Amino acid sequence: MTDSPLPDLGTRPAPSGSGYGDALPAHLGDVMVKLEGIEKYFSDNHVLRGVNLEVRQREAVMLIGRSGSGKTTLLRCINFLEEPTVGWVEVDGLRLQADPLQARSRQHQEQIRQMRLRAGMLFQDFNLFPHMSVLANCIEAPTRVRGIARDEAVSTAEGFLDKVGLLEKRDEYPARLSGGQKQRVAIARALCMEPKVLLFDEPTSALDPELIGEVLRVMEDLAHEGTTMIVVTHELHFAREAADRVVFMEDGVVIEEGPPEQMLDEPREEGTKRFLRRFLTP
Amino acid sequence: MTVGFGSEAAKAAPIVAQVVAARRGARLRFRLIFAAVWVALVLVLGLGMWLASGAELDFVLVSGPVIVLQGAGITILVSALSIVFATLLAVLGALGRLSANPIANAAASFYVSLFRGTPLLLQIYFIYFGLPQVGIVLPAIPAGVTALSLNYGAYMTEIFRAGIQAVPRGQREAAEALGIPERLVMRRIVLPQAVRIVVPAIGNDFIAMLKDSSLVSIITVHETLFMAQRIGRSAFEPLAALIIAGAVYWTLTIIFSFFQERLERRLARGDR
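The listed protein sequences correspond, in order, to chains A and B.
The first sequence begins at -19 in my numbering and counts up one residue at a time.
The second sequence begins at 45 in my numbering and counts up one residue at a time.
Please keep in mind that the hints were generated in silico from the structure rather than gathered at the bench.
Predicted, not measured: the structure shown is a model, and the values here were computed from it.
A few of these clues could be false.
Some residues of chain B that are not near chain A, with every Cβ distance over 12 Å (derived) [what the hints assert, rightly or not]:
1) Gln62
2) Ala66
3) Gly69
4) Leu85
5) Val104
6) Gly108
7) Gln114
8) Leu175
9) Val211
10) Arg232
11) Gln237
12) Pro282
13) Gln304
Here are the simulated distance ranges between beta carbons [to be verified]:
14) B:Ala144 x A:Arg130: 31 to 41 Å
15) B:Ile299 x A:Glu200: 48 to 58 Å
16) A:Pro5 x B:Pro146: 48 to 58 Å
Just so you know, even glycine gets a beta-carbon here, dropped at the ideal spot from N, CA and C.
Please model the entire structure based on the sequences and the hints provided.
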């Protein structure tokens, strides 16, 4: 990890090492997402205490940790749905410094928007637009934000809907879909904007158990196709199958990170061990 | 075990059928009696009123249709125009009330306070009889529509504000995460959903407006109540004329309630 450009604010240091040691897996590309010294306060509550994280092109990173550990907040800091209190975010070469005092300035807002065009996000409760058909959900942003012609946007959308197995639902309204189908449409909608990285915020937490599999399968396919993704999840089996790297967070810092086998089978840090023990024993 | 269970089920089947049939019969009976009581009450009320008023059949047959046709037409015209303008004002007002801009916010809250804080009747007088003194002369119908729009717009501002706030935060976040600029998020994602939330309330206000529009009779708008009073007075049949006017408002209310219910059901279809 790189050094934070910020003074040490008395937080716990992140563990050294990129999680891979010296041997970076060959299929990974250049750095796609880089978080430097991310701190986040919600009024007095110090939620993120200096997080550094690098994610490479084609890498699938899973963020795990107890609820309240800051993993969702960290994810939301990447596309500035939460503005970090201090720190730098870089996605695909666009570097942006957190600036909560200027959060409403037009220039800062525009930069945030550019950041969001690079990072697609999936939510726990899907957030499909209920007043639009599945297809309209998918082409809304491409046509109105990217300025893509309708015909082209429709054929792109149909391609992605087919990919998530829901092409035949293109004219349905979200209310007529199951939770799993909604999340798969949400994935197609995000892909239609051709983002550089996908951010998943507990994408299966709101689903009935029998619907989780269909969403995880789509995500696993994406991971194996080399989609860069950062996933906040409690699905450790899925992490083992699909992750290049697992990152464990506790109390707003990264405690340990590494390949899934190492992280899940032989964690080194006491915090990670405690978390896994509680998680794996029913 | 299985055999025993099967025979129990065989015994149960005819009982289930009987229960279903009995329930259907009870429901039908309820509806028939309900409708019959309504018809009876309407007839008793109508006939009773007519007899009590001692109105000539001639008056009812000749003057009634004039009140109904001309009066109801203007009532609907005034109410429909006013609800449209009131809705536009309410959207602007709500955006102002939710704005981070202190000027817009203050202007919107001032508007709401002023028009909710003074009587509608006074507002109607003010626009029609007051404003000409400073050189602003509006004909009767535009003056009435202006007053009704401003007054209802103020009330509906609060409805729209609540409607916008009732759209889940995740909707805005999802749109923003897609890179949709703020203005478009409001116009394309939040407002359409807010409108669906407030349609029942707008429907209620429209029905209230149908009746409050009778207030503009005092500034000589030829709507239902005005026609009833004029015709009733000249024919010396004020009671019968007022009864006809009342029937017009009531009927309009029933018709629009029916459409409102259908619209609500249609809008609810796409719901999550």
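Quick one: work out the minimum CB distance from Ala66 (chain B) to chain A and report holds if it exceeds 12 Å, violated otherwise.
holds, 35 Å
Range hint compliance [Cβ, Ile299 (chain B) to Glu200 (chain A), 48 to 58 Å]:
Check passed, 57 Å falls within 48 to 58 Å.
Evaluate the condition: distance from the CB of Leu85 (chain B) to the nearest CB of chain A exceeds 12 Å.
Holds, because the least Cβ-Cβ distance between Leu85 (chain B) and chain A comes to about 40 Å, which exceeds 12 Å.
Are all C-beta atoms of chain A more than 12 Å from that of Gln304 (chain B)?
holds, 19 Å
Distance rule for Gly69 (chain B), whose beta carbon must clear each one in chain A by more than 12 Å
The claim stands: Gly69 (chain B) keeps its Cβ more than 12 Å from every Cβ of chain A (closest is about 35 Å).
Does Gln114 (chain B) clear chain A by more than 12 Å, comparing its Cβ with all Cβ atoms of that chain?
holds, 40 Å
Looking only at beta-carbon atoms, does the pair Ala144 (chain B), Arg130 (chain A) fall within the given range of 31 to 41 Å?
holds, 34 Å
Minimum Cβ separation between Gln237 (chain B) and chain A greater than 12 Å?
violated, 6 Å
Does Arg232 (chain B) clear chain A by more than 12 Å, comparing its Cβ with all Cβ atoms of that chain?
violated, 7 Å
Quick one: work out the minimum CB distance from Leu175 (chain B) to chain A and report holds if it exceeds 12 Å, violated otherwise.
holds, 40 Å
Beyond 12 Å from each Cβ of chain A, as asserted for Pro282 (chain B)
holds, 50 Å
Regarding the assertion that Gly108 (chain B) does not contact chain A, is the least Cβ-Cβ distance greater than 12 Å?
holds, 45 Å
Hints 9, 10, 11, counting from the list given before, are not met by this structure.
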